[in-house]
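Given next are the chains, with one letter for each unit.
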Amino acid sequence: MIKQLTARFGRPMTLVVLLLLWFWLIVLVLLPQLIMIDYSFKPNLIPSQLGGPEDVYTLGNYQTLIGNDIHRTIFFKTIWSSILVTVLTLLVSYPVAYFLAQLATAKQVMLIALLLVIPYWINEILRTFSWYLILSFQGPLNALLLGLGFIDRPVRFLTGDGGVLIGMVYAYILFMVFPLYNAIESLDNNQVRAARNLGAGLIRIHWRIVIPHAKPGIATGCIMVFMLAAGSYAVPALLGSPGSRWFTQIIYNWFFEGGDWNMGAAYAFVLLILCIGFIAAVMKVFRIGLGDIGK
Amino acid sequence: MDSRVHLDNISMKFGDFTAVHPLDLDIQSGEFFSFLGPSGCGKTTLLNIVSGFLEPTTGSVNIGNEPMAAVPANKRPTSMIFQNLALFPLMSVAENIEFGLEVRGVSKAERRKVSDRLLELVDLPNSGQYRIDDLSGGQKQRVAIARALAVEPKVLLLDEPLSALDLKLRQHMRTELKEIQRRTEITFIYITHDQGEALTMSDRVAVMSAGRLQQVDSPIELYRKPKTAFVAEFVGENNRLPGKVVSIDGEQVVVDCGAAGQFRGQMGTRLEPGQPCGLYVRPESLQAATAEDVNRLDVSVETVNFEGAHLTLETRHAQLPTQIHVQADQRAYGGQVEQGSTLSLGFQADETVVLPEDRPLETADD
Chain A
1 MIKQLTARFG RPMTLVVLLL LWFWLIVLVL LPQLIMIDYS FKPNLIPSQL GGPEDVYTLG
61 NYQTLIGNDI HRTIFFKTIW SSILVTVLTL LVSYPVAYFL AQLATAKQVM LIALLLVIPY
121 WINEILRTFS WYLILSFQGP LNALLLGLGF IDRPVRFLTG DGGVLIGMVY AYILFMVFPL
181 YNAIESLDNN QVRAARNLGA GLIRIHWRIV IPHAKPGIAT GCIMVFMLAA GSYAVPALLG
241 SPGSRWFTQI IYNWFFEGGD WNMGAAYAFV LLILCIGFIA AVMKVFRIGL GDIGK
Chain B
1001 MDSRVHLDNI SMKFGDFTAV HPLDLDIQSG EFFSFLGPSG CGKTTLLNIV SGFLEPTTGS
1061 VNIGNEPMAA VPANKRPTSM IFQNLALFPL MSVAENIEFG LEVRGVSKAE RRKVSDRLLE
1121 LVDLPNSGQY RIDDLSGGQK QRVAIARALA VEPKVLLLDE PLSALDLKLR QHMRTELKEI
1181 QRRTEITFIY ITHDQGEALT MSDRVAVMSA GRLQQVDSPI ELYRKPKTAF VAEFVGENNR
1241 LPGKVVSIDG EQVVVDCGAA GQFRGQMGTR LEPGQPCGLY VRPESLQAAT AEDVNRLDVS
1301 VETVNFEGAH LTLETRHAQL PTQIHVQADQ RAYGGQVEQG STLSLGFQAD ETVVLPEDRP
1361 LETADD
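Residue numbers (this note's numbering), protein chains in the order written: chain A, 1 to 295; chain B, 1001 to 1366.
A few of these clues could be false.
[Claimed, not checked] Simulated coverage check for chain A against chain B, where a stretch passes if three residues somewhere in it have a Cβ under 8 Å from a Cβ of chain B:
hint, region
1, 189-195
2, 198-204
3, 207-218
[To be verified] Simulated DEER-style distance windows between Cβ atoms:
hint, chain 1, residue 1, chain 2, residue 2, range
4, B, 1016, A, 120, 31 to 41 Å
5, B, 1163, A, 285, 32 to 42 Å
6, B, 1024, A, 189, 26 to 36 Å
7, B, 1251, A, 106, 50 to 60 Å
8, B, 1123, A, 201, 25 to 35 Å
9, B, 1016, A, 17, 49 to 59 Å
10, A, 18, B, 1084, 41 to 51 Å
11, B, 1120, A, 76, 50 to 60 Å
For the record, the hints were derived by calculation from the structure and aren't laboratory data. We put the beta carbon where it would ideally sit given N, CA and C, even for glycine.
Can you build the whole structure from these sequences, using the hints too?
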């Protein structure tokens, strides 16, 4: 690869490109993570104690997480809710992606893709706030449902996890639709027609033909949405209630409210391990390799 | 089993474009029936209408005397072999063949029996466990046939299934398809733009052009007695001598081809004296002239192509606009003709067909 680069750009330019690449990888990606891990194994000390007898490596921060019932519960709840968000996003996105990839005309694809992307031109906080307004007790959604007679008194959408789930599915739908679209688009339409010709109904066609074909796309979408959901801060902070706190909020609190960076680093590291574990598990379940996800 | 296919006043429009003009057609039970025509002639549209993938603009499809209008594609007694085969790459050979039975809720043991029997039929015994990607082109072809037959269709629809194969395999598969059709007694509806395929395999062929049926006949009738100029020019090689009808004498027509002379031929369809027409004579019908020949043509040879059993001569008559192609037995001419030789050719009136002028031949784009 270096030979090709040298041939194309010359030696000095190649050197610059490689140096920038290594700078990015080491200084901006690897080093911060390593510093965070280092932090997480040290106690929170005031500056004068740094380098003193108490400045030793310890598992204390991690023991705090394990020993704290509330934090532990929120941790597992975050995992569970993120899985729920992932599944819901998949269910919502699959029909859209299938329509776009197999049924829609070029014009419809353009239009729908545009409609899907436009909200992303707006800041995530603002988008989440608009859901806060829509879902609020005296907001437009309740007014609509009351007006249509589906409910006889307003629903408290923002109590419990409902608001957070809706907000997250909305926030991450693109990260599911596009990998799915890519995967389903490459399916030869004759496969669907052949299955139909052999007698298969709608559900079987999807279960046996489309979904197996779209597996790498489904895995990519699920991994992205899960990681975004598990690492999300804005949505639970705005749409969540005290009863639906996210693990990221606790990490935030350690860093910025508690001023205990070491504790925050430990909590964040646990979340990172969880996400890597989730990716590994999904790859195993879907029997796909890293190469398939990159496609 | 009654597997007659009846098309009643079928037509298909896509917006302003008429893909198929209204037509009626009866395909017999157990017949090998082909639709032959250049791409864009509407043959694939017809196949999709029979299979239920397309709803015709007008008319109805009946299979075995049962109307199909209300029957969706996945409930019709038809089974299709796709141009690109459309095998399921993520399933094994056996799973592909058994898919239709799996849909119908047939037990696994029963399904395995059927797929084993069909793999036997298509000459691929004991290969159920293979992956589709491990098969050669010809083997994939056979799996596609087996998969289509597994659901015991009344009608098998074949959409140019041999076009992806190389020449040798294609010729072999023709014989094989015909043999499978004979053994299964299923009605085969075959779509192709390759006349060789249509003529060798079919009981009857429907020649289509621009969404219209040109002629429905047995291959030999199509070849010997084309009813339209399109069929005369599309099926097999033909020499066309433009002229005008002089007189009509029973089934025979006298045609005046200007300076080239007058010729006699069979009347292909109704003609009137004075009408512009084409006189069609096959390359192999042009022989060295004898004293009895009514039709005579003196030509000079421009090119000689030796092809083993026969020679193809590209010749020219000074008064005719196009070359005259002659296919001659190598024993008759071998080594005796060369560029510049003059030949006196004769041809029989009953091997010559006279047809009215047609719109120019629509060129196939594939």
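Comparing the hints with the structure gives:
| no. | hint | in the structure |
| --- | --- | --- |
| 1 | 189-195 | holds (count 5) |
| 2 | 198-204 | holds (count 5) |
| 3 | 207-218 | holds (count 4) |
| 4 | B:1016 <-> A:120: 31 to 41 Å | holds, 40 Å |
| 5 | B:1163 <-> A:285: 32 to 42 Å | holds, 40 Å |
| 6 | B:1024 <-> A:189: 26 to 36 Å | holds, 31 Å |
| 7 | B:1251 <-> A:106: 50 to 60 Å | holds, 56 Å |
| 8 | B:1123 <-> A:201: 25 to 35 Å | holds, 32 Å |
| 9 | B:1016 <-> A:17: 49 to 59 Å | holds, 56 Å |
| 10 | A:18 <-> B:1084: 41 to 51 Å | holds, 45 Å |
| 11 | B:1120 <-> A:76: 50 to 60 Å | holds, 57 Å |
Checked against the numbered hints given earlier, the structure satisfies every one of them.
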